[in-house]
Amino acid sequence: DSGVTQTPKHLITATGQRVTLRCSPRSGDLSVYWYQQSLDQGLQFLIQYYNGEERAKGNILERFSAQQFPDLHSELNLSSLELGDSALYFCASSVGGKNSPLHFGNGTRLTVT
Amino acid sequence: AQKVTQAQTEISVVEKEDVTLDCVYETRDTTYYLFWYKQPPSGELVFLIRRNSFDEQNEISGRYSWNFQKSTSSFNFTITASQVVDSAVYFCALSEWGNQGGKLIFGQGTELSVKP
Chain P
2 DSGVTQTPKH LITATGQRVT LRCSPRSGDL SVYWYQQSLD QGLQFLIQYY NGEERAKGNI
62 LERFSAQQFP DLHSELNLSS LELGDSALYF CASSVGGKNS PLHFGNGTRL TVT
Chain X
122 AQKVTQAQTE ISVVEKEDVT LDCVYETRDT TYYLFWYKQP PSGELVFLIR RNSFDEQNEI
182 SGRYSWNFQK STSSFNFTIT ASQVVDSAVY FCALSEWGNQ GGKLIFGQGT ELSVKP
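Residue numbers (my numbering), protein chains in the order written: chain P, 2 to 114; chain X, 122 to 237.
Misleading hints may appear alongside valid ones.
To be clear about the criterion: a stretch of chain X counts as covered by chain P if any three or more of its residues have a C-beta under 8 Å from a C-beta of chain P, and this derived list gives those stretches [what the hints assert, rightly or not]: (1) 168-176; (2) 211-225.
Calculated from the model, a selection of chain X residues having no Cβ within reach of chain P, i.e. all distances over 10 Å [stated by the list, open to error]: (3) LYS124; (4) GLN129; (5) LYS137; (6) GLU138; (7) VAL140; (8) TYR146; (9) ARG184; (10) LYS191; (11) GLN204; (12) VAL205; (13) ASP207.
Calculated from the structure, these hints are not laboratory results.
Bear in mind that the values here come from a model prediction, so they are computed numbers and not experimental data.
For glycine and all other residues, C-beta sits at the position ideal for the given N, C-alpha and C.
Next up, chain X with everything else stripped away, as it sits in the complex:
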């Protein structure tokens, strides 16, 4: 069965520290898609990034970067020079699709707290 594991339930850092959020996935598909979402205290879920299984290039967007390693089934997310506004719950997700439709399977989330 497809599965996403975010082993870190909570992480607390001090502002300006770098922090990495881990995500490990399980899938039988040869082509699959991975996602990261952010849920700030206000509650909405915000899409951050999508990565497909045949593109292992790391991606950087400002202070955010993502490291996709197929060999270890991991898709880790690093925030550089963290800020208080980064405090949120972060979810990693895997696309599971059948012939007609599908869904995203989410990990349990990692709650990041950035203290001033």
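This is chain P alone, in the form it adopts within the complex:
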């Protein structure tokens, strides 16, 4: 058990809808990362937060947004969903810093129909 909690585990929704994925980092970790894993794109970095502030951004679509709250949990909001957004979304946390391993949650599997 990595100590990172993601909810829900599975999400099935229709095109055009909006969903929110939730992540609680490991105790003591200040950094939260979001990744998308799909068959064709592999593990793609979306965004990083450190202690409530956005610190790094990857190829995150404008339809997607995230935030980290004062209690350090994070949410990833996906809107105007398309079929191609179906993927496994991982949250990870670390203490922060270049040498810190990321500890991943079990992921949220999103299916857009």
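Fit chain X to the given chain P structure using the hints.
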């Protein structure tokens, strides 16, 4: 640009065979960190090892060993006497960091299948 290449998409071995998973990376940083992760069929990503660029000593942990060679930009992973439970997708990753924050860049993964 930073990049991680795992040229082996799939490997299939029979139990008790040794297997090596290759990882080649590209980076302009002089100090960098490399990682290996395991993704079993259940889907979670499990951290296996971290190696920094100024420590080229090989590392062994049980049946797992890692060979880091800066001269060839490689960080290969060997499983000795493979077991069925080793069946998983294995990812090599490189830390990319700016002034404020960063991320891990992952290779495409190598799917290892260990047959009884």
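Hints, one by one, checked against the model:
Taking a C-beta to C-beta cut-off of 8 Å, the region 168-176 of chain X contributes 3 residues in contact with chain P, enough for the three needed, and the coverage statement holds. For the region 211-225 of chain X, the stated coverage by chain P is satisfied: 9 residues place a CB nearer than 8 Å to a CB of that chain, which reaches the threshold of 3. In this structure LYS124 (chain X) is separated from chain P by more than 10 Å, as the shortest Cβ-Cβ distance comes to about 12 Å. Every beta carbon of chain P lies more than 10 Å from that of GLN129 (chain X), the smallest distance being close to 14 Å; the non-interface claim holds.
Distance check on LYS137 (chain X): its Cβ is at least 30 Å (rounded) from any Cβ of chain P, clearing the 10 Å threshold; non-interface status holds. The non-interface label for GLU138 (chain X) is consistent with chain P: the shortest C-beta to C-beta separation is roughly 27 Å, beyond 10 Å. Separation of VAL140 (chain X) from chain P is adequate, the least Cβ-Cβ distance of about 21 Å exceeding the 10 Å criterion. Chain P leaves TYR146 (chain X) outside its interface by the beta-carbon criterion, the shortest separation being 15 Å against a cut-off of 10 Å.
With a cut of 10 Å on Cβ distances, ARG184 (chain X) stays outside the contact zone with chain P, its closest approach being about 20 Å. The beta carbon of LYS191 (chain X) sits about 17 Å from the closest Cβ of chain P, which is more than 10 Å, so the claim that it is off the interface holds. Every C-beta of chain P lies more than 10 Å from that of GLN204 (chain X), the closest at about 22 Å, which supports listing it as non-interface. Every beta carbon of chain P lies more than 10 Å from that of VAL205 (chain X), the smallest distance being close to 22 Å; the non-interface claim holds.
Annotated as non-interface, ASP207 (chain X) keeps its C-beta farther than 10 Å from every C-beta of chain P; the closest such distance is 19 Å.
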